[in-house]
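Starting from the given sequences, assemble the full structure and let the hints guide the process.
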Amino acid sequence: MTSATTPTTAAELRARLDEPLPLDQVDLTDLDRFGDGVTPWRMFRTLRRADPVHWQPEAAPNSGFWAVTRHADIARVDRDAETFTSTRFVNLEEVDDDQIGKRASLLELDGVRHRALRSLLQRQFGRSTVDRYADFLRGLTARTLDAALAKGSFDFVAEVSADFPINVLARLLDVPPEDNRKLIDWGNRIIGNTDPDYADVLLHSAESEKYRDLPFRSPASLEVFAYGRELARQRRGGDGTDLVSRLVNGTPRDGVPLSARDFDNYFLLLVVAGNETTRHTISHAMLALVQHPEQLARLQQDPALIPAAVEEFLRWASPVYHFRRTATRDVELGGRRIREGDKVVMWYASGNRDEEVFGDPDRFDVTRAHNDHLAFGKGSPHLCLGNLLARTEIRIMFEELIPRLSSIRLTGEVPRVRSNFVNGIKRLPVEVTPA
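First residue of the sequence shown: 432, per my numbering; consecutive thereafter.
Quick caveat, the hints were computed from the structure, so don't treat them as lab data.
Here are the simulated BS3-like cross-link-like pairs (lysine-lysine), alpha carbons at most 30 Å apart as the crow flies:
hint : residue 1 : residue 2
1    : K613      : K582
2    : K613      : K857
3    : K641      : K857
Given the structure is predicted, the values throughout are model-derived calculations rather than measurements.
This is the structure:
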């Protein structure tokens, strides 16, 4: 197990990143290696250089997977849904046909049905709609920051990173702010299904078999389903424009209405995805600015850099480590022979540090140009539906935050979610001096 001590300076971080790691010490299934914010990047660098399409064994009942770690290979897999399908699921867990029938969400569909379900909410995440939220987002950000900064010392995750996007989600779902804590809690318990601090039942435990038909094998999914069903009951047949109303009253482009199970899984995806990516990107960006005060100073001196800096925040944070596909035929990838049925895992986080694409990729640089990162996928049909909203939230957050800061420093350890799926920060204790 690696140390969880968080580097506090850019020099310390770089020194640890530059420590060589032999290939035989790489294990992408060892969740404890993802706890220090350093070891995952060392493993990815070793794989990109030594074995960019790497066979990673797994413990039973799983059967192992191909770890794809170079930007170009990841992009190839992501764009080719015919050869690398999502329909056998996008996480490492191996599921049978019965589980697929019960648990498949938008993420686990390809082709016509996938496009049809995306179409239900595509306009709600388009530019014209997101632009209309700008004033709301800016006002919400100001209130969030004013309350947090007044405390002087606080947990940045609890007071800012988690609080802000969940308020946005509540607005999109048209649910009362009093429900925010439940929404955050559900996301933690579901996505944190390998972290004993969050999970009701750990993913790899024998007890999880009782929940095998639920998303992420999490009993918290039942609570989300019940909550969503009540909202659907209230809004069915109405003329609301919130996301729930759009789901229950809209018709997908293929003419096939959402089943009750379709609605459950779609709603749960909104609750989880509507919070996690933005939350963790904001946390990682703030930590990076603390570790690299000269980069914070550049943004303070020239706020016009912030929109482009958002792309560096996303690259650096890589809030989702990976997504999986499954080969539908025998195919060659990166000099390796992939067999039909093999799991093929795109390590987006590794692609975001690929030396062939990013100059000095382990350097955090808010002025980085041509930032072709993979935080939301790579031009595939599965490109994150909410990517524009997330970018807008992050931009407005730092446009409002940076002018309010005179100084900021860490006051304690920065524990991370025990996961090789979500690159999450649990707590970020800071002390600030307002400007």
